[in-house]
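For the protein sequence lines, the chains are R and P, in the order given. Under my numbering, the residue at position 290 of the first sequence is numbered 290, and the numbers go up by one with no gaps. Under my numbering, the residue at position 45 of the second sequence is numbered 45, and the numbers go up by one with no gaps.
Think of the hints as simulated: they come from the structure by calculation, not from any bench. Backbone N, C-alpha and C fix where the C-beta goes; we use that ideal spot for every residue, glycine too. One thing to keep in mind: the hints can contain errors.
[As the list claims (entries may be wrong)] DEER-style ranges, computed between Cβ atoms:
id, chain 1, residue 1, chain 2, residue 2, range
1, P, 262, R, 297, 23 to 31 Å
2, R, 302, P, 255, 19 to 27 Å
3, P, 231, R, 52, 42 to 50 Å
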Amino acid sequence: MSKILPIDQAVLKYVHDRESIAFAGMPLMRKPVVFAREILRQRKAGKLKVNDLFLAGGTISFGSALLVGAGVVDSMISQFIGFERAGLNYVVKRSIEEGIPRRIRVEDESNLTFNLRCLAGSLNLPFIPSISGVWGDLNTPGLSTHGAHEYRKYIQLEDPFGTGRHVALIQSVKPDLTVIEAPMADENGNTFFLGAVGHDDLLSRAGRHVVVVADHIVSGELSRRFPNMVAVPSIGVDAVVQWPLAAWPTCCPALYDPDIPHIKLFNESARKDEFEDYLDWFVYSYKDPDDYLHMIGPDVEKLSKTQSASLIEPFRKYLLKEESLEVRVK
Amino acid sequence: MMQIGGRTELLKKFTPMEMMVVEASRLIHDNTTVFVGVGLSLLPSQLAQRTRTPGIVQVFESGIIGASATGRAPWGVDDTALQANATAFCDLMSALGWMAMNNKFDLCFLGAAQVDKYGNVNSTVIGDYARPRSRLPGSGGAHDVAAGGQRYVVLVRHDKLHLVERLDYRTSPGFIIGGVSREELGLPGGGPSAIVTDLGSLTPDPKTREFILSRVHPYSTITDIRNNTGWDLKVSDRVEESLPPTDEELNVLRNELDVEGEFTGWKKPTPETSTPRHPPAGVH
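Work out the full structure, taking the sequences as your base and the hints as a guide.
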């Protein structure tokens, strides 16, 4: 059964106010940014009412920053906020430091503690033991309304089996919606990653609903020929959206490099109080995927000349031509 | 004690940040496994692999194993520049759960906004957690590597704002409160083995686990370093002077890894001063 949806329908069906969203991907890799843009586009069009989203972790990178900057985020669990060597995330920074456009509540995790919370969620466990979290201020709750230091976030425990080892018990997370970006998925939802996996498969397993935003739809033959390659089986996917350069300006290994100048431009827009202009130019302006590529401009070609392109070579013949897709956003 | 350091004229040839990256890269032994953190800590292993230690295996928390950057320097641990010649792709849980917690890394590199005398690190906030003066990236994988990694090196700019008596937020464990306090917590990794700064290097006293001055960069002096440290820094009785970067090291850094001078500042003039500096906008 085809799970392909146009992006606007996927957003309207699966995004609900006061629910939690996890964007998979690493700071500069496979962020489903186009999905975050579409949330804002549908909101501006008056079709989607969202004011208080809860970002349930993943690394807080580009898509999260768009939502934070637009003021539709109430709180977040964060493993990491920023763009690595390309800079700090000034949109999220000013929200936390200055309350612009509003103050968000943040609860910090490490990469591993957040992944363990998702693992516990995927196993339908209430909590899971961890070495990370035994020491330090990750233990400080940030989402509590009772003040930051009144109780501990993790529970410290000595191994009840008697080894004498200490662990921290940490609570599971099950995001209402996990959105993952992938170079390839088939219409049933079988999803393929190329390059580093990060935590994208794990986050999908924790999500109550999962939307895959794929740069390419592939023939169903790919999963039959290479079943080992399926990172997220169709069973775990509710909807598939096709969109070119869906992760831009983050990278999608095998397809395109990160657009570092654009990330810096985005940061500058926040520092110069031009964030609203940024949204007009790069979020609200395009009509369809072709228009979107046109907006990015000649950089599309430059970014697509990635050295990681060799990763997709064995699979290129399974890519469906875009014209053969029945569903495109018009 | 013999007179060491103080040759500030050397700063016409290279910058303190270049010295810091070079000094950190020299801690890497060939044919070992190196965990590479984000930010400036991406550079030492890239430099080492392109010069002295071509046989190292670099691991990145995104799940990349065995990659050496192709062409440009990577912008992050998940950049496509690291995804053209990897020997294995796995996931974050494998890198930080399995490998870090089971001593698979011989050496790890972490950045810091603040570090204290026991090598505990803050990379989360400056100021109060609930109302921070400056919000920084947070842990990422740093807490996990610090808890599990066999040995790790902290890279940090040397001044009283970065080397502090008391952390604003305790992100990643070093030697906790010194002595055997880390062992008592049962953390599997061996803890921090060095703090490499742009003025010198500190290493832990084997007993108290307090970090003491062990190496001075050639343009710096013991007095400079003590004046720029936020605690009463003890000095090893065998302080050595680090060797300036070689032409080859500078060549690789400037022509391959930091072409714009964005991270090591080699294109800008460096102030020759020993007065405390202002904080950079963000450090990680």
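Comparing the hints with the structure gives:
In this structure, residue 262 of chain P and residue 297 of chain R meet the distance hint of 23 to 31 Å, their C-beta atoms being roughly 24 Å apart. For the pair residue 302 of chain R and residue 255 of chain P, the supplied restraint of 19 to 27 Å holds, since their beta-carbon distance comes to about 21 Å. The hinted range of 42 to 50 Å is satisfied by residue 231 of chain P and residue 52 of chain R, whose Cβ atoms lie roughly 44 Å apart.
The structure is consistent with each of the numbered hints, conforming to all of them.
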